[in-house]
Amino acid sequence: MTDATHNTARSASITFGQFLPWLVSALFLLVMPLIFPSNAALTIMNQMAITIVFALAYNMLLGQGGMLSFGHAVYMGMGGFMAMHIMNWIEFHELPIPLPVLPLLAGLFALGLAMIIGSFSTRKAGTVFAMISLGVGELIAACSVIIVAFFGGEEGVSGDRTYGLPFFGIEFIRQIEVYYLTAAWLMISAVLMYLWSRTPLGRMANAVRDNPERAEFLGYSARWVRFYSFCASGFFAGIAGGLFAINYEIVTEENLNLAQSGMILLVTFLGGAGFFFGPIIGAILFTLLQTVLSLQTEIWQLYLGILFVATVMYFPGGLAGLLMMHTIPLRLGKLHLLFVPYLKMLGPALLCVAGFVGVFEIVFHIRNAAPGDTEMTLFWITFDSHDVLPLAVSIIAALAGFWLARRVVPELSAAWTAANTPDTERLI
Amino acid sequence: MNAPDAPALELAGLRKSFGKTEIIRGVDLTIARGERHAIIGPNGAGKSTLFNLITGRYVPTSGSVYLNGQDVSGLAPYKINRLGLSRSFQITNIFPRMTVFENVRCSLLWSKGYRYSFWHMVGRSRDLTEATDAILEQINLTARRDLPAGVLSYAEQRALEIGITMAGGANVIMLDEPTAGMSHSETEYIVNLIRDVTEGKTLVMVEHDMSVVFGLADRISVLVYGEIIATGTPEEVRADPRVQEAYLGAALEAEH
Ligand SMILES: Nc1ncnc2c1ncn2[C@@H]1O[C@H](COP(=O)(O)OP(=O)(O)OP(=O)(O)O)[C@@H](O)[C@H]1O
Ligand SMILES: [Mg+2]
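Protein chains in written order, with full-length UniProt numbering: chain A, 1 to 428; chain B, 1 to 256.
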């Protein structure tokens with residue numbers, strides 16, 4: 001095939017194909033505010049961008065370095081606190097710092113902290129590393145109520161971003177200005193993190209993840225490889241923290257506690273730790289659930305939990321892994337074989353999900369609505385939640401959907417096998 | 001420190017115990033530069049343990065290991081590797097989730113001077129890519145270049161294991177049963193490869209296949225029950241009555 005030319009091109013210089021996804025992403029970030037110009041939409045997109053940076057940083061540990069951290073929010077949170085303090089110094093001591101460099105300073109602060117913590121936590125991988133990360137996370141969260149001067153106690157630290165040196169005349173009063181600042185940092189961070197994975201150190205992070213012992217017999221100290229990855233990850237997490245500070249102008253203990261650390265693990269795993277773009281998918285989906293779905297239902301976290309458990313159980317590669325499973329059918333030119341079975345699956349699956357949602361929401365309404373309030377609206381239908389009929393319909397829909405979906409499974413798996421099998425004539 | 005006329009490897013009074021059991025029971029051995037040295041002995045004699053002591057995987061209970069005259073006993077494996085010693089493993093030890101190409105490239109990085117660099121792009125170094133592809137060609141794995149190493153066949157993984165070991169261009173190469181489990185033709189190919197790439201280098205290898213040993217080794221040591229009972233040229237060792245009695249007689253008979 002074209003393999004030989006492809007290889008030489010790859011080794012010689014950056015090809016257009018490698019550059020294209022970045023170009024598309026940049027254009028996408030540029031035009032998004034034109035499509036969704038409302039302040040609410042901008043806020044959601046900023047939140048997404050921050051979560052993407054944080055998740056990509058986290059995946060430098062989890063996916064690329066094989067280090068499972070339960071306390072990575074510490075670096076984002078500490079970066080955020082530092083950014084808030086600098087923001088306040090700018091306001092009260094007239095420090096001549098433009099706002100756009102704040103994330104960099106936050107990143108450097110987090111880097112310093114990561115160097116200190118990493119110097120002992122990266123000595124061992126596996127459970128030891130995970131437990132130290134948990135302990136440090138707990139420790140810093142506890143500090144936040146003790147060291148009030150830095151963490152601001154329960155109220156956290158708040159400030160006003162508009163006192164920075166005007167940056168080419170921009171004072172970051174309007175949300176759209178903050179959006180482009182956040183998007184620019186997202187682009188810079190994502191490109192740098194991607195490039196990092198192509199460096200000798202980034203490659204060795206994979207090697208140490210796979211087989212730390214063998215790496216040591218190739219001249220690399222597994223511990224130092226982990227340490228450098230850890231520091232880089234802390235740096236980018238700090239940048240995310242800086243962006244958070246700029247967007248919300250307040251940082252509290254909630255930004256660095258264990259719940260936040262658990263959230264980023266969930267986001268990264270959901271998106272898929274095995275691929276660079278996995279955490280991006282995870283962060284986008286999570287932010288949508290967190291912002292859009294949470295407006296629709298109070299029990300959105302239940303759905304998130306179910307989605308997470310289902311992903312871990314059935315698609316351990318995450319959503320990115322699920323997508324990438326389709327590269328073989330695509331390369332064989334057999335993707336079309338899957339369209340019909342997927343469509344046939346869609347109806348029953350939606351019915352099943354809608355049924356379960358109905359059950360959950362009705363039960364939740366019965367248990368949690370104010371006494372006497374029995375009226376609820378679901379899927380644009382208003383009904384009495386204490387009636388038997390809606391609950392019965394939901395249960396039937398859930399079971400029927402499940403049953404119908406099960407009946408499509410054989411066809412689906414046959415199509416999957418066919419789509420992944422090369423034509424024998426072609427092989428010869 | 002790095003005496004130019006020092007032997008490549010020198011073991012002095014080397015001992016290793018696991019708990020109460022002493023596995024290596026006082027080994028003295030000198031291996032000259034450029035020598036191809038084979039270590040033979042029955043199963044469980046301690047050959048792999050001896051390798052692990054030399055290469056830093058285990059710390060000796062007592063005694064010393066000198067590499068090019070420098071005391072390396074108890075140093076971490078990566079430090080010993082940087083001093084120019086590379087080893088393979090009896091049980092295949094590769095990076096299963098990375099591609100075959102990446103496996104070999106990673107084993108080149110340190111020796112090519114990249115160290116902990118995060119300011120070079122590995123894909124942009126033509127030299128690195130060419131060196132990696134040359135090794136893949138040598139170990140006959142070019143066709144498998146972009147597959148994850150974990151999906152290779154056993155023999156292919158063994159070849160990769162050897163490729164990873166020799167990629168860095170170390171001056172002392174230690175191979176633990178490089179041909180174990182290979183077919184006759186694969187063995188022949190690998191032996192020729194080993195002979196080529198260790199030209200002018202020091203080779204220490206553990207090997208059960210006597211035709212490989214006698215075909216490749218300048219000198220042979222016989223390790224039995226944690227002690228070296230004989231060292232010498234293949235002819236001397238073959239003729240040694242103690243070796244005949246303890247090991248070789250049986251092994252040679254098994255060969256035929
Ligand atoms: N880490 C360890 N802890 C305890 N015992 C060990 C350890 N490593 C090796 N041994 C013991 O040391 C003895 C020698 O093992 P070793 O693997 O060195 O033998 P070998 O000569 O390489 O044998 P083979 O030809 O089967 O590879 C064995 O009895 C083994 O059980
Ligand atoms: Mg052995």
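Rather than coming from a laboratory, the hints here were simulated on the basis of the structure.
Every value quoted in this text rests on a predicted model; they were computed, and no experiment measured them.
Even for Gly, the Cβ is constructed at its ideal location relative to N, Cα and C.
It cannot be assumed that every hint is accurate.
[What the hints assert, rightly or not] The following residues of chain A were derived to be distant from chain B, with all beta-carbon distances above 10 Å:
id, residue
1, Ser-119
2, Asp-210
3, Gly-305
[Said to hold, decoys possible] A few chain A residues facing chain B, derived, Cβ under 7 Å:
id, residue
4, Phe-150
5, Gly-152
6, Gly-156
7, Ser-158
8, Arg-203
9, Asn-206
10, Pro-212
11, Arg-214
12, Leu-218
13, Arg-223
14, Tyr-228
15, Val-292
[To be verified] Pulled a few chain B residues facing chain A out of the computed Cβ check, cut under 10 Å:
id, residue
16, Arg-82
17, Met-98
18, Arg-105
19, Trp-119
20, Gly-123
21, Ala-149
22, Ser-153
List, from low to high, the hint numbers that the structure doesn't satisfy. Checked against the structure, the hints that fail are numbers 2, 4, 5, 6, 7, 10, 13, 15, 22, while the rest are satisfied.
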